[in-house]
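J.: These protein sequence lines are chains B and U, in that order. Position in the first sequence counted from 1, then plus 28, gives you the working numbering. Position in the second sequence counted from 1, then plus 898, gives you the working numbering.
Accuracy of the hints is not assured; some may be wrong.
Stretch-level coverage of chain B by chain U, calculated; a stretch enters the list once three of its residues show a Cβ under 8 angstroms from a Cβ in chain U [said to hold, decoys possible]:
hint, region
1, 79 to 93
2, 116 to 129
Listed below are the simulated DSBU-like cross-link pairs for lysine-lysine, each with C-alpha atoms no more than 30 angstroms apart in a straight line [unchecked claim]:
hint, chain 1, residue 1, chain 2, residue 2
3, B, Lys97, U, Lys939
4, B, Lys86, U, Lys938
5, B, Lys97, B, Lys86
6, U, Lys907, U, Lys950
7, B, Lys86, U, Lys950
What the hints contain is simulated information worked out from the structure, not anything from laboratory work. Because the structure is a prediction, the values reported are computed rather than measured. Cβ atoms here follow ideal geometry from the backbone N, Cα and C, with glycine treated the same way.
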Amino acid sequence: AQSVTQLDSQVPVFEEAPVELRCNYSSSVSVYLFWYVQYPNQGLQLLLKYLSGSTLVKGINGFEAEFNKSQTSFHLRKPSVHISDTAEYFCAVSGRGAQKLVFGQGTRLTINP
Amino acid sequence: DTAVSQTPKYLVTQMGNDKSIKCEQNLGHDTMYWYKQDSKKFLKIMFSYNNKELIINETVPNRFSPKSPDKAHLNLHINSLELGDSAVYFCASSQGSFSYEQYFGPGTRLTVT
């Protein structure tokens, strides 16, 4: 079975500052990893995914994440945030060969002007 | 064009009633899912169907019954609604049942009074 822990429930940052949202996972098998974003009153949208290959993956809206197998982490980063990045961010894991996503508890990113 | 749509968007009903939520996807995917998001934003899978066949049923009460008339539709019927059923229900779809990338609908906010 897989599990995901998002270490911060809320992250406030100032506009144009860098941000990192932390995600750790647990799994006894190899994994696929995902970050989803949920804007207010909307469904989830895929930001980026790690399936294999390069451990640094780039996604939409300037976000990137790095898969670190030894630390079982998949932290999300953006060098300069914008007001429009205000949203809830979810890290998710799927075990290879599994048929479902397991989501973390979410991190609310709040951008202050 | 809406990729994954759900109706209704809001549903307010009394305890003990029976209600249905409908989901349709026009992405040509063969796998569809129902997720429940509670008041703390925790997202958990309930069911998934692949080519109209149930493949995941996650310890959900029998009062919840999914129905997939075809690959493009997955409906959720809930009998004898309880206060604890209040949540946002998301439908999602993917190509293949191994969760590489799921597309989410806008959600249905169910309030049971």
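J.: Please verify whether B:Lys97 and U:Lys939 have alpha carbons no more than 30 angstroms apart.
T.: holds, 27 angstroms
J.: Decide if the proposed pair is consistent with the structure: B:Lys86 and U:Lys938, CA atoms, cutoff 30 angstroms inclusive.
T.: holds, 28 angstroms
J.: Please count how many residues of the region 116 to 129 of chain B have a CB within 8 angstroms of a CB from chain U and say whether that reaches 3.
T.: Holds: 8 residues of the region 116 to 129 of chain B have a Cβ under 8 angstroms from chain U.
J.: Please verify the coverage claim for the region 79 to 93 of chain B: does it have three or more residues whose C-beta sits within 8 angstroms of some C-beta in chain U?
T.: violated (count 1)
J.: Holds or violated: B:Lys86 with U:Lys950, Cα cutoff 30 angstroms?
T.: Outside the cut-off at roughly 34 angstroms; violated.
J.: Is U:Lys907 close enough to U:Lys950, meaning Cα to Cα at most 30 angstroms?
T.: holds, 24 angstroms
J.: Given the hinted pair B:Lys97 and B:Lys86, is their Cα-Cα distance within 30 angstroms?
T.: holds, 17 angstroms
Going down the numbered hints, you'll see the structure goes against 1 and 7, while the others check out.
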